[in-house]
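Enquirer: Please model the complete structure; the sequences and the hints are all you need to start from.
The residues making up each chain are set out below.
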Amino acid sequence: MRVFETSLADQATVAAQTAAAQPARQVVALKSSEFRKGREKSWTELETLIGRIDQSGIRSLSGDELERLPLLYRAALSSLSVARSIALDRNLRLYLENLSFRAFLAVYGPRESMFESIGEFLLRGFPRAVRKVGWHLLVAFLALAVGVVAGYALTVSEEAWFNAFVPGGLAEGRGPSSTRDELLHDEIFAPWPGFAKSFALFASFLFSHNTMVGIFCFALGIAGGVPTLLLLVYQGLVLGSFIALHANRGLTVEILGWLSIHGVTEILAILLCGAAGLVVAERILFPERRSRLESIAAGGQGAAPIAIGAMLLFLVAGILEGGFRQLVANTDMRFAIGGFTGLLWFSYFVFCAREPRR
Amino acid sequence: MSVTDERVADFLEGPQRRNRREIVSPEGVPLAVEIATYGERATAFMLDFLFFMLATFFLVLVGAAIAVSLSGGSFYVAMAVVLLVALLVRVFYFINFELIWQGATPGKRIVGLRVIDRRGGPLRSSQVIARNLTRELEMFMPLGMLLSFSGGKTAAWEQLALGLWALLFTCLPFVNRDRMRGGDLIAGTIVVSAPRRALLGDLVDATLRHVFTEKQLRAYGAFELQILEELLRRPLSRDTGRIWSEVADKIISKIAWPSPVAARDVERFLRDFYTAERAFLEREQLFGKPRADKHAEEKAVS
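Which chain is which? The protein sequence lines are A and B, in order.
Residue 352 in this note's numbering sits at position 352 of the first sequence, and the numbers go up by one each step.
For any residue, its number in this note's numbering is found by taking its place in the second sequence, counting from 1, and adding 1000.
No false leads were slipped in.
Quick list of simulated restraints, FRET-style, between CB atoms:
no. : chain 1 : residue 1 : chain 2 : residue 2 : range
1   : A       : R124      : B       : Q1159     : 31 to 41 angstroms
2   : A       : R111      : B       : E1214     : 47 to 57 angstroms
3   : A       : F346      : B       : P1030     : 42 to 52 angstroms
4   : B       : R1018     : A       : R111      : 22 to 32 angstroms
5   : B       : R1018     : A       : G224      : 27 to 37 angstroms
6   : A       : L293      : B       : R1018     : 13 to 23 angstroms
7   : A       : G224      : B       : F1287     : 57 to 67 angstroms
8   : A       : E158      : B       : F1058     : 49 to 59 angstroms
9   : B       : R1018     : A       : S62       : 35 to 45 angstroms
10  : B       : Q1159     : A       : F340      : 30 to 40 angstroms
11  : B       : L1236     : A       : P287      : 53 to 63 angstroms
12  : B       : V1024     : A       : A153      : 57 to 67 angstroms
DSS-like cross-link-like pairs, simulated, lysine-lysine; straight-line CA separation at most 25 angstroms:
no. : chain 1 : residue 1 : chain 2 : residue 2
13  : B       : K1254     : B       : K1289
14  : A       : K31       : B       : K1215
15  : A       : K31       : B       : K1294
16  : B       : K1215     : B       : K1294
17  : B       : K1250     : B       : K1215
18  : B       : K1294     : B       : K1254
19  : B       : K1250     : B       : K1294
20  : A       : K31       : B       : K1289
21  : A       : K31       : A       : K41
Hints listed in this document are in silico derivations from the structure and should not be mistaken for laboratory results.
Even for Gly, the Cβ is constructed at its ideal location relative to N, Cα and C.
Expert: Following this line, the structure appears as structure tokens:
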């Protein structure tokens, strides 16, 4: 039947088409065109608002306009969904998709200022991220401790080990041949080098040996964590060997005081970097159900704040080293400052922005 | 994007087509976003680099003057000041602009790029901080150390490791589909191109002078319709006129249009055909019988 009908209709129109003297006319109404005419005004309004936000920021909108924005955004999204199901006008669909996306950017963009977000990071993000790592920090600490003990034990009995452990650049002429007086007066109680040198020491904290070690500890997490641990052990060896050199000359207390003033902060920073590296390593070795890339990304979200915060600790250590170490020429005072910074970090990481108990 | 949209885009843009990715807005509507190309990313970064280096330069002029007067002209101090100021300017430049301009820095804005959350959620400030401070870790610090310690303070293996580290992160955007660098990966963000698209006029004419039968309209599907739309939207020129008459000839022979179409009527004919075809296809789609392209019938039979 149907075939019959169409062919009949065909014949009728073909007749009309061939009789071109009086051209055939047909009036059509498209649902998609009606839809477009009905909604176009609100799209234009939204587009104007977004244009103004792009030009002069979201603060340039009045209260009423701010209220309209999410409404218009949702209207655009619903228009997009409708257009996808009923319209075959490609330009219209692309336009609505683009408009919705630009409105999405304006509606869901960040709302805090830079200082608010940095404050948020320091008061909440960083200490919370640190509290989330548990055994990573412990393992990093153990690796360093093993190094310190081994370095100390070896160097105390045989000082030649010092040259093996401590690179020349770091030893700065100190070694088995140094006398007690040299160490005491040229290093531990060396005169304050003056503002300029101190400031330079502080400002170059970024490029100091220990900062680099910290970055490597984090970075080598990508290689599965073993290099991170080795590096921590090695740092321990250097530190232990350094202490042993002074201990053999009866300067144990003095060197500990000299180190504690900035060392508490700096060693903590290295440990945090190591822990962050181990978090990444864990994610690489045991991705569980995720792909490795996704797993690294997920781990990175926990580890990156720690590594970034650790850089801040290195900065503080730089200030302490450059500003206070040689200015405070008294071992007791040095211990006091070292202990105080330790206490400060401890309470910061343990108590700052505690999650409410459930 | 539907399958037909993908095909049309492939056909029209060819090999230059951008990588696309779908995000789902918090309201549950999927939106296709275009991943920024390497060229755009590099251009934006170069511009930003230029801007913050200029800012650093002026700040350093002031800072170094103070430092030199305090220290009596030590090169070491001046260098330290430069490095510190450069670091602060760089970090604050990126974080500040990406926060106040909804994920764009001046360079990104000029090129038309935005940073967005990878899954389509709101862009949080912690993500902005993470992706920009990671840049320090992945690029500037190792390079800075490599340059500042060339005087023998670092061992060869350390230099090698620093170089490898920087190289690894430079390569990262080239080995993943969303072109994320390390900071994007960690912060869960992607950089997309957000150009502004204009709404063009509706090509539909309410009154048709050419009347087509359903059988004639069945010759084509949504794919061909959208290519035709693209052709009709081209600006008038001799080239466009030639393509139009070629396409009109093809349509005429395909649907067996009985009378010849005069050269001046070609546009009119194509627009009428577009309107009729779209009305027909949209109605079919509404009744649950979408026609993807001209082969739709054969597929349905076989």
